[in-house]
Amino acid sequence: MTKTYIISALVEHKPGVLYKISNMFWRRGFNIESVAIGTAEQEDLARITITIEGDEKDAEQFVGHLEKLIDVLKATRLDPKKAVIRELALVKLKAKDAKMRSDIFHYVDVFRGRIVDVSPETATVEIVGSKDKIDAFISLTKSFGLVEVARTGETALIRGPESVRLDE
Amino acid sequence: MSGAKALVKALEREKVETIFGLPGGAIIPVYDALLDSNIRHVLVRHEQSAAHMADGYARASGKTGVCMATSGPGATNLVTGLVTGQLDSSPMVAITGQVSTPQIGLDAFQEADIISIASPATKYNHQPRSVEEIPPTVREAFFIASLGRPGPALIDLPKDVQVDTAEVEFSDKIRIRGIKPIPTPDNTQIGRVAEMLSEAEKPFILAGGGVIVANASHQLQNLAELLLAPVATSLMGKGVFPENHPLSMGMIGMHGSKEANQIIYDADVLLAIGCRFSDRTTGKLDEFCPAAKVIQIDIDSTEIGKNKCIDAAIVSDAAPALNMLNKALVKKLKHKKKTSWSKKIKEIKEISENKIENSGKELTPPKILRELRRLIPDKSIVTTEVGQNQMWASLYFKALRPRTFITSGGFGCMGYGFPAAIGAKAARPDLPVFDIAGDGSFIMTENSLATSVLEKIPVTVVILNNRMLGMVAQWQRLFFNRRYSAVQLGNVPDFVKLAESYGAQGIRVGSILEFSKAIKTSLKEEVTTVIDVPIDPEENVLPMVPVGYSLKEVIG
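The listed protein sequences derive, respectively, from chains A and B. Position one of the first sequence corresponds to residue 53 (the working numbering), numbered consecutively onward. Position one of the second sequence corresponds to residue 5 (the working numbering), numbered consecutively onward.
Source of the hints: derived by calculation from the structure; they are not laboratory data. Possibly wrong hints are sitting among the right ones.
Straight-line alpha carbon distances no greater than 16 Å define the calculated EDC-like cross-link-like pairs of lysine to aspartate or glutamate that follow [unchecked claim]:
(1) B:Lys312 / A:Glu108
(2) B:Lys310 / A:Glu214
(3) A:Lys120 / B:Asp304
(4) B:Lys338 / B:Glu203
(5) B:Lys341 / B:Glu203
(6) B:Lys341 / B:Glu205
(7) A:Lys55 / A:Asp107
(8) B:Lys184 / A:Glu119
(9) B:Lys335 / B:Asp190
(10) B:Lys310 / A:Asp161
Computed from a predicted model, the values in this text were never measured in an experiment.
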């Protein structure tokens with residue numbers, strides 16, 4: 053059965069690593085939904101969160117192939133029920149009159165987002181949450197006129213004391 | 005010490021004896037440093053051959069093979085050989101020159117981003133940007149190339165780094181944090197698998213190249229004899245189990261032996277070791293041994309269940325896994341009596357061995373290859389090219405020892421056999437080495453004759469010459485209504501004259517008797533020999549299982 057899997061990997065933070073990892077996705081034909089990467093708890097490490105679409109076997113193979121890369125120190129599949137998962141999206145909407153603005157403000161409020169930029173013609177909203185929440189916000193506000201969307205892709209950590217660290 | 009000298013010293017520390025390569029502008033400093041080293045450099049005529057030689061060297065000896073080329077086209081010419089080594093899990097280290105660091109990224113003369121190009125084909129690749137980085141890079145490249153499931157590694161060395169000097173330290177320490185521990189057999193799994201095997205009424209073993217890499221042919225033979233289980237191999241596994249053993253079923257797959265392809269369906273437990281269930285091995289996967297319980301032993305966890313669904317797995321190198329299995333089974337099965345399964349295997353083998361070939365032709369591939377086997381010592385190394393010659397060799401040339409049958413399995417790389425034979429001979433000068441070739445494949449790297457002759461690495465090439473790209477022609481004959489498209493090669497070159505023009509010995513034979521004489525001459529004279537054996541261009545490799553069919557649906 054096809055579903056979404058979230059994989060968290062701790063990788064070397066150095067040039068060329070992202071290329072080698074994404075190269076593997078392509079070579080092995082995995083269906084990647086999003087990739088989020090940034091410096092981890094140690095400066096020389098990066099944490100990369102990848103969401104893939106596929107079945108159980110795909111997820112298993114994906115983790116296996118990640119682990120085979122020597123620049124990948126650890127790779128784990130995260131159980132969505134036991135992980136904090138967030139994505140950040142910036143959504144620029146058309147907001148030409150007071151009515152549109154007030155409607156947008158209303159939605160932003162409901163979604164606990166923030167207005168981060170306003171111009172006479174547009175408003176840019178910051179939304180943080182699960183992928184589904186962001187999808188919902190975008191589909192609701194599309195009617196105002198979607199100018200631009202930038203999303204980070206989901207990033208995630210295991211809840212509680214359990215962790216994916218180098219020293220464990 | 006200069007970077008070039010540091011590189012050479014680091015290679016010496018890895019006990020490198022031979023490098024196959026071809027110099028160019030961006031690697032001249034390394035070639036200069038090589039002059040002061042005991043490492044032997046074997047000059048090739050095309051870099052692809054250098055990579056295949058390093059690969060052949062590795063497969064014949066189990067040691068890591070080394071090849072070297074300059075930047076740009078030199079480096080990209082190695083790539084075909086690297087992928088060949090990767091797909092057949094051969095430990096190799098490639099060293100390429102690179103343009104000087106300030107020029108990298110500026111599309112300088114002979115610049116290629118070889119790290120990116122070769123990334124999918126290498127287990128490890130690194131471009132040292134300082135002299136100090138060279139020794140650890142070399143250490144890591146060699147360590148990783150032979151670690152676990154072996155494969156190619158690449159070191160890309162910019163020219164200014166070769167020339168720069170610095171104080172360097174040589175250490176055995178590995179800096180890489182991402183190296184995962186080699187998996188060892190899990191006791192519970194061993195117990196479970198031992199039970200499945202001891203309860204099996206009709207056990208069947210399928211051995212792949214992983215058993216050769218693990219040097220576990222002895223353990224394999226013990227297990228097969230304990231279980232009284234027939235053993236078939238994949239193409240890559242050929243040689244791991246003596247093909248003249250009463251339990252040997254030969255090779256399985258698209259061009260596997262009829263008896264192996266047939267009897268595997270009767271098995272109730274299939275034990276696959278170091279074998280990745282490639283499409284050429286299994287035929288239509290859904291119909292491959294649907295009734296058998298499947299056990300898989302592989303060192304690479306991503307191979308477990310990748311292609312074939314399995315019932316039990318041991319993630320491990322084949323040697324410790326088989327040692328533990330043998331230990332667990334020896335008490336239970338020591339006095340295992342022959343069963344109806346043993347009888348059936350004996351019968352099926354007798355039928356196939358007593359089949360007399362009644363083609364009226366004098367020189368057929370089966371006759372030639374059986375004669376070759378009869379004439380050359382058991383320990384001789386045989387390589388093959390790719391195509392009909394390769395499949396005839398796998399069907400009719402019985403391999404008796406591991407590392408004596410070397411072929412491009414996964415990648416099916418034409419032009420492989422001849423340079424691989426030279427590499428194998430460089431590793432094992434004590435053994436006679438033969439390349440079973442087709443004309444189309446041999447032509448691709450025939451210029452290695454220069455290397456074989458001038459470097460005094462004599463091998464014998466047996467060309468099954470049908471003046472055709474024979475395998476493609478066979479498919480066109482069988483599946484495209486004999487519409488031959490772009491397969492006729494014509495009767496050129498004259499291989500005897502070609503050999504002679506390089507200073508090698510060229511012999512054309514017209515009968516089995518002449519063939520035997522030619523082989524005996526080549527065994528006696530230790531000079532590079534090309535034996536041209538004209539065969540009928542209409543000859544098919546049979547039996548054959550068409551693509552997309554199950555192994556039961558065999559033609560011929």
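To see whether the hints hold, each was checked on the structure:
no.: 1; hint: B:Lys312 / A:Glu108; in the structure: holds, 15 Å
no.: 2; hint: B:Lys310 / A:Glu214; in the structure: violated, 30 Å
no.: 3; hint: A:Lys120 / B:Asp304; in the structure: holds, 9 Å
no.: 4; hint: B:Lys338 / B:Glu203; in the structure: holds, 14 Å
no.: 5; hint: B:Lys341 / B:Glu203; in the structure: holds, 13 Å
no.: 6; hint: B:Lys341 / B:Glu205; in the structure: holds, 11 Å
no.: 7; hint: A:Lys55 / A:Asp107; in the structure: holds, 6 Å
no.: 8; hint: B:Lys184 / A:Glu119; in the structure: holds, 8 Å
no.: 9; hint: B:Lys335 / B:Asp190; in the structure: violated, 20 Å
no.: 10; hint: B:Lys310 / A:Asp161; in the structure: violated, 48 Å
Violated hints, listed in ascending order, are 2, 9, 10; each of the other numbered hints is respected by the structure.
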